[in-house]
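With chain P's structure known, arrange chain S on it following the hints.
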Amino acid sequence: MRTLTAKRVRAYVWLTLLCIFAVLPVAYVFLLALQTNAEAAALPPTLFPASPQFENFSVVAERMPLARYFYNSVVFSLSTTVAVILTSLFAGYATTKLRMPGRRFIISMFVGGILIPPAIRAIPLYTMIARLNLVDTWAGLSLPLMATGFGLFFMHQFLKTVPDSVVEAARIDGCSESRIVLQIVGPLVLPALVTLFIYNFLFRWNGYLWPLVVTRRTWTTLPVGISVFKTSEQLITWNLIAAAAVVTLIPVLGLFFAVGGRIVKGIAMQASK
Amino acid sequence: MKISYSDRLSATGYLFVLPAALVMILFTLYPFILALWNSLFTGFAQNLQYVGLQNYIRLFTSSRFWNSLFVTILFTAVSSGISGFLGFLAANWLVSRGVRFGQFFTAIIFLPYVVTPAIATLVWQYMFDRRFGILNAALNSVGLNGVAWLGSPVSAMLSLILVQVWFTVGYNLVIFSSGLQAIPKDYYESASIDGATESQQVRLITLPLIVPTVVLVLVLSLLSGFVNSFVIAQILTGGGPFRATEVLMLLIYKTAFEGFDIPRANALTLVMFLLLFSTSYMLQKWQDRVYHGLY
Chain P
1 MRTLTAKRVR AYVWLTLLCI FAVLPVAYVF LLALQTNAEA AALPPTLFPA
51 SPQFENFSVV AERMPLARYF YNSVVFSLST TVAVILTSLF AGYATTKLRM
101 PGRRFIISMF VGGILIPPAI RAIPLYTMIA RLNLVDTWAG LSLPLMATGF
151 GLFFMHQFLK TVPDSVVEAA RIDGCSESRI VLQIVGPLVL PALVTLFIYN
201 FLFRWNGYLW PLVVTRRTWT TLPVGISVFK TSEQLITWNL IAAAAVVTLI
251 PVLGLFFAVG GRIVKGIAMQ ASK
Chain S
274 MKISYSDRLS ATGYLFVLPA ALVMILFTLY PFILALWNSL FTGFAQNLQY
324 VGLQNYIRLF TSSRFWNSLF VTILFTAVSS GISGFLGFLA ANWLVSRGVR
374 FGQFFTAIIF LPYVVTPAIA TLVWQYMFDR RFGILNAALN SVGLNGVAWL
424 GSPVSAMLSL ILVQVWFTVG YNLVIFSSGL QAIPKDYYES ASIDGATESQ
474 QVRLITLPLI VPTVVLVLVL SLLSGFVNSF VIAQILTGGG PFRATEVLML
524 LIYKTAFEGF DIPRANALTL VMFLLLFSTS YMLQKWQDRV YHGLY
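Those protein sequences? They're chains P and S, same order as listed. Residues in the first sequence are numbered consecutively from 1, following this note's numbering. Residues in the second sequence are numbered consecutively from 274, following this note's numbering.
The shape of chain P in the complex, shown without the other chains:
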């Protein structure tokens, strides 16, 4: 019995250390964002600001087009996510409930797509988008991400669990197929759609290589804009960079605190398949 307690204590210690490791950079960037210029460049480095400098946010918004980048990130992430939800819902319905010939091939195409995230195919995609003269446009940035292997496979798996009888009953009542998808099956799988929404939004909001490659100024997103801002600064003012970083992190952290359990569960569920 004593050895079990000792082991448990050791487990708590290690888990706590891992927690500190995980939280450290995130906590630090919030503290840094509220420091004065002098505090951010002090030796030895300061952790806690003497008086929180909230004007850092307005100062950095003047030094770089932070509001525009924020807007770009929102438009890019939301539009691609809504599109992914629609394309995946309809395609998943077709492959699970309409059973047309060749659907096995279609499903394997979805699965293959999972292995090729946007960062891996950045240069081939860029070659194509450049030929279409769509560099630094919303279409060039977003159209390629309007359907993803992950989203398609995820919805396919989930729609398999919807009983066929639901669909058949609706058909007998004279419902058209698109109305079945939008008004009957869609609401039934709402939890899956919400999970897909969260994941896809996170992936797009956090994306770096693809926006870096395909945008120039007009459609630059927050992560790219901030890292470019840092490289272009003569004298790096880290408290301002941290303020811009906090602006980027607030939506994802908000999402994490609101539905973090759901994100974790979603991964555990995917893993057990």
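Derived by calculation from the structure, the hints in this document are not laboratory data. Each residue gets a CB set at the ideal place from its N, CA and C atoms; glycine is no exception. Certain hints may be false.
Between beta-carbon pairs, the in silico distance windows are [said to hold, decoys possible]:
no., chain 1, residue 1, chain 2, residue 2, range
1, S, Leu288, P, Val82, 34 to 44 Å
2, P, Ala169, S, Ser277, 19 to 29 Å
3, S, Ile298, P, Val82, 15 to 25 Å
4, P, Tyr71, S, Leu321, 19 to 29 Å
If you only want the chain P side, here are some residues facing chain S, beta carbon under 10 Å, derived [said to hold, decoys possible]:
no., residue
5, Tyr12
6, Ala22
7, Ala40
8, Gly151
9, Trp205
10, Leu222
11, Ile241
Below, chain S alone, put in the same frame as chain P:
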């Protein structure tokens, strides 16, 4: 001729798949075909000149490519190894030792996975800073000398790996927890009645039964290693010092946008993709050979 009901349903099916299929074919499949074609040329835009396999030959004879390949494998292998091992250990503590607040611990350790990689890497860069970084300040405060984290080839690579472990350890913890929970508890009970020690139980029960989880973690680590290695290396070190951290994705990016050699960057992408694909294929094959299911 009358069109049957099932034919009509099939037609609707193709219509519903069309938007998704169009995006996948147009923006995933076609770019790769275009890249394959483009990699047989040299020059850019309208001034392309056919050179056959020259880009590939130049690639395989360039020491910069082999260096990048080595650096990428090193980064991916070591970071997946450390992160997978830590994730497994932590999951084992959480699942088998009846630790309380398990969900709380899991959520906190998982947090880095949702943090924007480019932003987190910027913060790490400042934390690694030789003079102003809090890591060296912490070392100084306990009487140790500061380290030039990003200054030497070896320590720069270790710093990159540290950041990648930070990103992925919580994710691996979640996957391993789910794999461990699937193993029936009575396996362990009957083993401990037979007098098996804890390490024997891990070695003889847990490990053989979580082979699919291990393979899943490895495939996902491979993928996130390739994707994250770009963000981390580009922001932390730019590939230096002395190209010690110039991972493949970064070499591809530099070839395209610093060397303005799009065809060569496409050739590199295809080689890298083949590598990624064949490695995950081999991992899958290995799983088929050593794993015989959960009895």
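Structure-based check of each hint:
1. S/Leu288 x P/Val82: 34 to 44 Å: For S/Leu288 and P/Val82 the Cβ distance comes to about 20 Å; the hint is violated.
2. P/Ala169 x S/Ser277: 19 to 29 Å: Check passed, 21 Å falls within 19 to 29 Å.
3. S/Ile298 x P/Val82: 15 to 25 Å: 21 Å, holds
4. P/Tyr71 x S/Leu321: 19 to 29 Å: 37 Å, violated
5. Tyr12: 7 Å, holds
6. Ala22: 5 Å, holds
7. Ala40: 8 Å, holds
8. Gly151: 9 Å, holds
9. Trp205: Since chain S brings a Cβ to about 7 Å from P/Trp205, closer than 10 Å, the hint holds.
10. Leu222: 8 Å, holds
11. Ile241: Holds: closest Cβ of chain S sits about 6 Å from P/Ile241, inside 10 Å.
Hints 1, 4 from the earlier list are contradicted by this structure; the remaining hints agree with it.
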